[in-house]
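Visitor: Sequence:
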Amino acid sequence: MSVLPLVFTSGWASGVNAYAVVLLLGLFGATGLSDDVPETLQRPEVLVAAGVLFLCEAVADKIPYVDSAWDSVHTVVRPVAGAWVGALLAGQSGSLSDVAAGLIGGSTALASHTVKAGTRMAVNASPEPFSNIVLSLAEDLGVGAVVTFAMFHPRAAAIIAGVLLLTGLLTLFFLISRIRRFRRRRAQRREEKRLAAQLHRPPG
Numbered sequence: 010m011s012v013l014p015l016v017f018t019s020g021w022a023s024g025v026n027a028y029a030v031v032l033l034l035g036l037f038g039a040t041g042l043s044d045d046v047p048e049t050l051q052r053p054e055v056l057v058a059a060g061v062l063f064l065c066e067a068v069a070d071k072i073p074y075v076d077s078a079w080d081s082v083h084t085v086v087r088p089v090a091g092a093w094v095g096a097l098l099a100g101q102s103g104s105l106s107d108v109a110a111g112l113i114g115g116s117t118a119l120a121s122h123t124v125k126a127g128t129r130m131a132v133n134a135s136p137e138p139f140s141n142i143v144l145s146l147a148e149d150l151g152v153g154a155v156v157t158f159a160m161f162h163p164r165a166a167a168i169i170a171g172v173l174l175l176t177g178l179l180t181l182f183f184l185i186s187r188i189r190r191f192r193r194r195r196a197q198r199r200e201e202k203r204l205a206a207q208l209h210r211p212p213g
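Under this note's numbering, read the sequence shown as residues 10 to 213, first letter to last.
Hints are supplied without guarantee of correctness; some may be wrong.
[Claimed, not checked] The following label-pair restraints were derived from C-beta to C-beta distances:
#	residue 1	residue 2	range
1	I185	L146	44 to 52 Å
2	Y74	F183	20 to 28 Å
3	A154	D45	16 to 24 Å
4	S106	S140	52 to 60 Å
5	V108	G153	47 to 55 Å
6	R194	G60	26 to 34 Å
7	T176	S106	44 to 52 Å
8	L179	L146	20 to 28 Å
9	G41	L64	23 to 31 Å
10	A196	G41	31 to 39 Å
Hints are computed from structural coordinates only; laboratory data are not their basis. Backbone N, C-alpha and C fix where the C-beta goes; we use that ideal spot for every residue, glycine too.
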């Protein structure tokens, strides 16, 4: 079970930015900084593809509403990537079955993707235009830091990823409840204005 913390952490990170995870793990393996990275992730074509897609996401993720459209497309991509990376890591170590690792990585990626996509939808509803850029940069730096930390301290990184995931889920629940209340109040005000306009309208 020694690879389990790394599978969990990479799953969480894949739900936020799957291409960054593949690129970072591949670079750690290709440069010899880690012996735990499967050969598949170190292949040049995989690194190039991950790098190009990471750059595309880095741009799309900072544009309001474009980021939500990107997230919609990646509702399938990120969990699949988390499951794929988890299965590869398990196959490399032999300490966890590929199926179990795939399920852990995929489900964790789906959970963190839900947090990311839901939070972005809430941020897009706010009038402040820089929230997307700040949030995207924080996500990119967070994924990079946690994945890098996981290569040397996998158990501690898994605890951090778990705390971040739980905090994100609670934050998303709070934001959704606030947005629902805001929409109800706005609809109520609109209805009150409509009724007031009808009362003050001169008879025809």
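Visitor: Confirm or reject each hint.
Guide: Here's how the hints hold up against the structure:
1. I185 with L146: 44 to 52 Å: violated, 24 Å
2. Y74 with F183: 20 to 28 Å: Since Y74 and F183 have Cβ atoms about 22 Å apart, the given range 20 to 28 Å holds.
3. A154 with D45: 16 to 24 Å: holds, 18 Å
4. S106 with S140: 52 to 60 Å: violated, 41 Å
5. V108 with G153: 47 to 55 Å: Between V108 and G153, where Cβ atoms are some 29 Å apart, the hint is violated.
6. R194 with G60: 26 to 34 Å: violated, 46 Å
7. T176 with S106: 44 to 52 Å: This hint is violated: roughly 30 Å between Cβ atoms.
8. L179 with L146: 20 to 28 Å: About 22 Å separates the Cβ atoms of L179 and L146, which means 20 to 28 Å holds.
9. G41 with L64: 23 to 31 Å: Because 25 Å falls inside the window, the suggested range holds.
10. A196 with G41: 31 to 39 Å: Check failed, 59 Å falls outside 31 to 39 Å.
When held up to the earlier numbered hints, the structure conflicts with 1, 4, 5, 6, 7, 10 and fits the remainder.
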